[in-house]
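Please build the complete structure, drawing on both the sequences and the hints.
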Amino acid sequence: MNLRNWLVHLYPRAWRDRYGDEFEALLEECLHTPLDVLDIFLGALDAQLELSHESNWRLMNMNNKLRTTILIVFTAYIAFIIAGFSLVTFADDSPLVPLMQTNAALSAAWTTIEVGSVIALLAVVIGGAPLAWTIIRRALTSQRKDLRLLLVPLYAFLALMLYTAFMVAAAFEWIHIPGLQPVVQNGVMPLANRLFMTGEILVFILGAVASTFAVWKVVSRSEVGQETLPLPGKPTIRLYEFAFGPALVATCAMLVMFAATIVWGWLAFSARPDLFSGNMGPLMSSTRASFAFTLILMGLSSGAACFGLARGRSAQNHS
Amino acid sequence: MKLTDYGRFSDPALLILSSLAEGPKHGYAMMSDIETMTGIRLGPGTLYGALTRLEKAGLIQALPAESRRRPYRLTAEGITALREQLKLLQKIAATGLKWLPTE
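Chains A and B, in that order, give the protein sequences.
Counting with the working numbering, you get residues 1 to 319 for the letters of the first sequence.
Counting with the working numbering, you get residues 1 to 103 for the letters of the second sequence.
It is worth saying that the hints were derived from the structure and are not from the lab.
Don't take each hint at face value.
Some chain B residues judged to face chain A by a derived CB distance under 7 Å, without partners named [as the list claims (entries may be wrong)]:
#, residue
1, 27
2, 28
3, 44
4, 45
5, 48
6, 49
7, 68
8, 69
9, 70
Glycine is no exception: its CB is placed at the ideal position from the N, C-alpha and C atoms.
The following block contains the structure:
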């Protein structure tokens, strides 16, 4: 931590959240003499004494923490989706599908995962839509250039669609790729197929990471927070406070899906342990390793979402 | 709220508002402007102490950041407060000058 950074950290956190960046930029240009340092000491003391006790500063602090909560839950949700795709990859078109038709408990666990994914998606859309709309509207009126970052998810989606279309064209042999086999036989995937599939997984993961980063950047730079949402028959509620409810629902859905995946895996392993010694994971990777990766990623993302929610709840209680 | 309510920050507040009367400026531009205009160099802590209070009182408004610098502009309330204060100072200056013995 350099001197400028240290001086900025003398100010209360709520003040830093609002002015820290621009104040540090100012110090890069005008921190020349010990008198300047003394002046900053006095300014920080004044801010500590005067500002940190005021209700609007506490409110700003709460909004910042709630914003971080929403972003953490959103990021956790994206990571959970990646884990979910890994799960679907080895469950889809595998001998586990007919097994689920005969095994009621296995089928119930899978249905729980499916219902959980729909609930989580709805929660993310319901919580995120008013925020996204307000941020875009404000960014358009203030002509923020970083609004272009919101095109990243669109580009990522288009890239995935184009790659998928390319794969379909190759699978139907509309285009010829040397070494690529339209149908993989005997569980042996040729190198060309492996590279092709790796490409799609990379496009998907990179797209998800880039989109999450772009959304995080736009939202964290946005000054949305005091805007309210009129709800019929209820007092107005601030946007981040409103989004907290759906974030809670999405987190609960993730936890339920995580638990259901453990149960599903245990039931599937009990019924057909031989399937878990095969290579049904993405790119015909080890089923066990793939399932372990899925569980670890699901567990980590659910844990991160719970941490974010606890942080947000604590901010609400202290405001 | 009147500018005199800002206590030790009232002078910097007046200087900042006067600087912003010319148009939106970020912190460093305000400091340079005030130094050129009056010969007074506001320290960074003093400048941001006054900016914080002025923004909170609604006399100035932050604009979207340009890189890491954030410009500020006067609000309608800020223009009114500045005008009142400058008129008062003008009246004091005129009276003081009138009462002073001629050189």
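Hint numbers not upheld by this structure, sorted from lowest to highest:
Failing hints: none at all.
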